[in-house]
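> Given the coordinates of chain A, work out where chains B, C and D with the ligands should sit on it, guided by the hints.
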Amino acid sequence: MTTTTDIHSPDFLAGDEFSIPTFRLLQQDGTLFDGAVAPELGRDAARRIYHAMVATRVLDERMMAAQRQGRLSFYMQCTGEEAAVIGATAALDDADMIMAQYREQGALMYRGFSFDEFMNQLFGNELDYGKGRQMPIHYGSRKLHYLTISSPLATQIPQATGFAYGQKLAGEGQCTTVFFGEGAASEGDFHAALNMAAVHQVPVIFFCRNNGYAISTPSIEQFAADGVAPRAFGYRMHVIRVDGNDILAVYAATQAARRLAVEHNQPVLIEAMTYRLAAHSSSDDPSGYRSKKEEEAWREKDPLLRMRRWLNDRGWWSDEEERECQERLRREVLETMKRAQKRPPPPLDSLVTDVYADVTPALQRQLDTLKTHIRRYPEAYPKGAMSLDPDVSPRDDADDKGGA
Amino acid sequence: MTTTTDIHSPDFLAGDEFSIPTFRLLQQDGTLFDGAVAPELGRDAARRIYHAMVATRVLDERMMAAQRQGRLSFYMQCTGEEAAVIGATAALDDADMIMAQYREQGALMYRGFSFDEFMNQLFGNELDYGKGRQMPIHYGSRKLHYLTISSPLATQIPQATGFAYGQKLAGEGQCTTVFFGEGAASEGDFHAALNMAAVHQVPVIFFCRNNGYAISTPSIEQFAADGVAPRAFGYRMHVIRVDGNDILAVYAATQAARRLAVEHNQPVLIEAMTYRLAAHSSSDDPSGYRSKKEEEAWREKDPLLRMRRWLNDRGWWSDEEERECQERLRREVLETMKRAQKRPPPPLDSLVTDVYADVTPALQRQLDTLKTHIRRYPEAYPKGAMSLDPDVSPRDDADDKGGA
Amino acid sequence: MPTMNMLQAINNALDIAMAEDDKVLCFGEDVGSFGGVFRATSHLQEKYGRSRCFNTPLVEQGIIGFANGLAAQGSVPVAEIQFADYIYPAFDQIVNETAKFRYRSGDLFNVGGLTIRAPYGGGIAGGHYHSQSPEAYFAHTPGLKVVVPRDPYQAKGLLLASIRDADPVIFFEPKRLYRASTGEVPEEDYQLPIGEAEVTREGADITLVGWGAQMEVIERAVELAEKEGVSCEVIDLRTIVPWDEDSVVESVLKTGRLLITHEAPLTGGFAAEIAATVQERCFLYLESPIARVTGLDTPFPLTLEKEYLPDHLKIFEAIKASLAF
Amino acid sequence: MPTMNMLQAINNALDIAMAEDDKVLCFGEDVGSFGGVFRATSHLQEKYGRSRCFNTPLVEQGIIGFANGLAAQGSVPVAEIQFADYIYPAFDQIVNETAKFRYRSGDLFNVGGLTIRAPYGGGIAGGHYHSQSPEAYFAHTPGLKVVVPRDPYQAKGLLLASIRDADPVIFFEPKRLYRASTGEVPEEDYQLPIGEAEVTREGADITLVGWGAQMEVIERAVELAEKEGVSCEVIDLRTIVPWDEDSVVESVLKTGRLLITHEAPLTGGFAAEIAATVQERCFLYLESPIARVTGLDTPFPLTLEKEYLPDHLKIFEAIKASLAF
Ligand SMILES: Cc1ncc(C[n+]2csc(CCOP(=O)(O)OP(=O)(O)O)c2C)c(N)n1
Ligand SMILES: Cc1ncc(C[n+]2csc(CCOP(=O)(O)OP(=O)(O)O)c2C)c(N)n1
Ligand SMILES: [Mg+2]
Ligand SMILES: [Mg+2]
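Residue numbers (full-length UniProt numbering), protein chains in the order written: chain A, 1 to 404; chain B, 1 to 404; chain C, 1 to 325; chain D, 1 to 325.
Because the hints were derived from the structure by calculation, they are not lab data.
Idealized CB from N, CA, C, for every residue including glycine.
One should not assume that every hint holds.
[As the list claims (entries may be wrong)] Short derived list, chain C residues pointing at chain D, Cβ under 10 angstroms:
1) Y86
2) K100
3) H128
4) P134
5) W243
6) A264
7) T267
8) G269
9) A271
10) V278
11) E280
12) R281
13) I290
14) D297
15) P301
With the rest of the complex left out, here is chain A (with noise of 0.2 angstroms):
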């Protein structure tokens, strides 16, 4: 505790003593502000991290068309937020832990989860590493280091908090990055993880993306502070805000903040200040509750175009390539989008394995009883049919009716 003065006047504090300040580095034009350095970034590194971004909003475009075309049942966009994931990601060290609330495919794809593996979680087909068994945007990694998507939100959270402290007793050096939005942060979970966090000195990253809305509800109506920034100060956690759609800044933010949290066991707290451009999902519809214009003002603010615009700048990308690439992109896309949706679903075993490491003799009972019904309505459950002995086929006793 530092307290030190007394006030012999009743003065509340209201918070209005100090405002936070928005990092920033470049400008929408490609451009550095006047008497900003740009983060050590060579080209390869910057093209990698700007390939990620295209092929972020690729397979984001070409995925909701999917959707709307009624190949896939549900799709979540990272369009307009490439820059603060990605940046971010970026800047840590590829085998630190990142948790991730769902609109975070960028950091896979910087990490490089490939086309099929995308397309495989998003078709639940055999080779979905999740097997089949969650929404779409459900991905997961441990070869990259990132923990499998939870739709409930905030409970990565305080997990993030404790893995790092894993890892820092592993004393290997890494440490976690939680993504989060802003609306997820009025969980209770968030309260928790920072300030356990904070006490324990843990080496995590906290990572908002302030992007406005949490579905319908305007940041306005999800708390009345100057966004999420200064709760850093309720938990004596260093924070810094930033412009989320600025890669650099990002990028650079985010690289200081894991030396905080790395080499002083210092949890870090950076709200990127972003927008989400596209729906809240493919079930959502935003003409309901904000204005064309207002998207039309963020559709400006593109962190691709500001980081292509400085590529270009400097050399490192043209337009020429920008066209090859997006094509490139989207012909994968369309490839694999082909190859997983034409595969099978996973077996029906997976319904009641990883329940626990071994399968209970309760639930071998229950999937054995399972079996014995889809062979006698095997049409009535093709999926489940499909994964059962090759030489099962449909019978046609009096049974069957039903399973019309």
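Coordinates of chains B, C and D with the ligands only, in the frame set by chain A:
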């Protein structure tokens, strides 16, 4: 959002940019600090406050002794925190709602809860408003606008926000004050409550008793920040830190907070710095986790002593009165204790009433079965048997031998 | 009589309750101007103002904590949890607070005005976290009432009864019926009783008990069974707690056979309670073991959802097995 | 063999686990230097350092969230919830996260290393919030294991097995036995099997099933019953999920009668599941209805706790009723 300035280098804020002063008026010798102005507090009002403080102290001492003698199953003292609790309560309207944690019997005392009422709850007898269902110290009074205590920590904090929201809609100029410890403030419910109150502009006062410990856990292991006060910045909420052993400062701060709440629908956080002079509860022995020296240092800051000196200085109280008052209170406590202890337990039916507004058929069946059973073994269930039909007496048939 | 789908019936019930009583408030995530992600609260903010229908911050424990406080104050909160799968952060506020408020205070205070609405259940390709049926957790919690409607008519009448009930009610709405189930719903105010099951079909050979979306599935199974000459008695429990033991027992005393079905996992599901009670009260009348047709003891899956669900074919087979015992 | 009470046995198990494996960590409210409010973690911080045994801030959802993350990372967290009554703020982390971690990731990630310890149960004048037996809530949650020991020997062996089990385990400790139950406990490392019930007494007329502190109560009832010439078979379930159906069924096939007892409220308690399963698997062998002797369907009371509890007399009466059926 008031984000205005930009910065171009990645400078983190660490929360050391500001410090939270402590509002103090009264020195331990009973005189005011230089430049301090006492709140308007007449002789009667001051004596009412002091009387409640003494009565609370006496009740606590006697009841802890009674617990040690085995007359009571459990007890918790307010000792050391009387000024914080009673000073705040005195600054409220008597019809304002109070939601307490469990260590705020002083608030009830101030509002006129009688020793009989205290005792009936402590002994869970037939006159206990809570019908003997909760542990000792779980007081409640509808008449005195004091919500019945519930042991789960922090649950009352968002409830206070909701209650106060209802008061705002009702438009009768009342507010709610919710008390909690600095430990409870770590719960997720705390975060929810303060955020919702700020967003919905609710007339609620969040009164944190920072007494340095949550059972054995010192506040340094509870949070890394300078107390609980800086969290207010995260919600854009008015906040003040006050010397919790300074009755005048607590009173003045709460008065001002109430104005913000009731007149401007501004929630306020008050952090009262104080110390739990006694054990956490009758089940606890603090010698395992803190030094006698530390306790002694705080004993010198005794809030009763400080107020007494101030009263004495003004001629509003005397050592003579003190002696008399203490003696009278001790006697009253003992007498009411004897009365309460002798009273019968609540009737057997109270086991199943109030689960729902009306007893359900299933619960009625369970009660009937229980009654039959108790009639069979009355001596095994003395409390239950006592409240059954008076003509029931222990039977002595073959089945009864198990009842011994 | 107008035709409504279930969402319209719910919206209509909320509208009536808010119009009638100033103290009724609706809130939750996205509930305000947007009208909820399923649009159950459409137009309520327009009609009744921002102070009575509003968005909350995204914090379920806060929503229910706030609602508990409001109810204690005397307001009549109708709090929405966006999906039943997200009710767990509020579990403490519900189980330790809502459920025990009246009891622990000796009736000095109560939160009887509270209604918690939440869409539940599977069949919409929602995977683990948009498909759960958590009714059994709350059914093990004395002090709560749990109500589940099966169609728009029931939804309106039961929701109005829940809002006005003197006890806190968790109202689970079968979301796969939100738009799929339509029917005639009176425009005017009416209530259906809480705590009373309804025999929706009389029969002689076996009693089938369910609730919510499962009632439709039962009906499909019954069609198959009746073709085989099995006469089924069907009971919609409607209220899970306090459940209508007498109606179920009475039916089983007649038919001698019982099948219970729900989507939630088998182990510890509410079918267990019904089976345990009925085997006790109808012991000498049971002609075959009480059958439970339920979800598997796994988290709710996605690709193999059809295989997981207790569908009409599984119920039909269980009916046959019961009869053949 | 040394004599230990249950707390000592638990402390000893934690000590052995921490000594053996650096990855084992113990934490929770007051768990650190103080050693826990019941002193189950006494001296562990001294021995293994502050980084492996420590106090957490007062936030159960954080404790379990943190523990989930630690377990996913490969550590072996043993998290303490101070009282089982306070486990609900962590319900979401347990039910939606812990339980589904392995399944939802297709076994890419798991939190199998996690053990959650919590004192549960009544009989200590604890009222609503220091007496609850919440095992049934977790028993309805596939992916969790739930273990309850009945005495010091069981506590040590089962806790060591839980910590090393490949799945997350909730370990409920009957706090009224913490000091009251003493017995011989080997100094060395040993494990008792998870998922296996134990027949603690063989008998012919009726099977009595329970767990934890209720086993002692059953024993007292059995003494009374045996005096009346009733031969009782007693089974300690030990693991609530996945429970050992086969052992219970085998016994009931022999005795023809079953009584289950737990402190938790009747409706939706785990006895319902056992009854529902056994009536199905032993239908033709049951000679009387399966009896449940449990707490009332109310919050846990205080003054009338004795009246509320399923004590030996209530069990004894239920045994007689079952035999007399
Ligand atoms: C515990 C929980 N409550 C509610 C939801 C439903 N839900 C899904 S996304 C969402 C909004 C999240 O907003 P934010 O955190 O700002 O992230 P964004 O979508 O803007 O990236 C809500 C309410 C959920 N998934 N989990
Ligand atoms: C949800 C919950 N968790 C744990 C407890 C057990 N417990 C009772 S009091 C207490 C410490 C509270 O400390 P604090 O809030 O600082 O209040 P103080 O006792 O210092 O007044 C704990 C951990 C509880 N009652 N509720
Ligand atoms: Mg957002
Ligand atoms: Mg404290």
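> Take the hints in turn and mark each one as holding or not.
Quick rundown of the hints versus the structure:
A cut of 10 angstroms between beta carbons decides the hint on C/Y86: the least distance to chain D is about 8 angstroms, and the hint holds. Checking C/K100 against chain D by beta carbon gives a least distance of about 5 angstroms; that is within 10 angstroms, so the hint holds. Nearest Cβ of chain D to the Cβ of C/H128: about 6 angstroms, under the 10 angstroms cut. The hint holds. Interface restraint check: C/P134 against chain D, minimum CB-CB distance 8 angstroms, threshold 10 angstroms, status holds.
With 10 angstroms as the threshold, the beta carbon of C/W243 comes within range of chain D, its nearest partner Cβ sitting at about 8 angstroms, so the hint holds. With 10 angstroms as the threshold, the beta carbon of C/A264 comes within range of chain D, its nearest partner Cβ sitting at about 7 angstroms, so the hint holds. A hinted interface residue such as C/T267 counts as satisfied when its beta carbon comes closer than 10 angstroms to some beta carbon of chain D; here the least separation is about 6 angstroms, so the hint holds. Taken as an interface hint, C/G269 checks out: its beta carbon lies about 7 angstroms from the nearest beta carbon of chain D, inside 10 angstroms.
Checking C/A271 against chain D by beta carbon gives a least distance of about 7 angstroms; that is within 10 angstroms, so the hint holds. Checking C/V278 against chain D by beta carbon gives a least distance of about 9 angstroms; that is within 10 angstroms, so the hint holds. For C/E280, the interface hint holds, the least distance from its beta-carbon to any beta-carbon of chain D being 4 angstroms, beneath 10 angstroms. Checking C/R281 against chain D: minimum C-beta separation of about 8 angstroms stays under 10 angstroms; hint holds.
Satisfaction of the interface hint for C/I290 is found here, the shortest Cβ-Cβ separation to chain D being roughly 6 angstroms, below the 10 angstroms cut-off. Contact between C/D297 and chain D, as hinted, is supported at the beta carbon level, the nearest pair being about 5 angstroms apart and thus within 10 angstroms. With its C-beta approaching chain D no nearer than about 9 angstroms, C/P301 sits inside the 10 angstroms limit, and its interface hint holds.
Hint violations for this structure: none, all hints satisfied.
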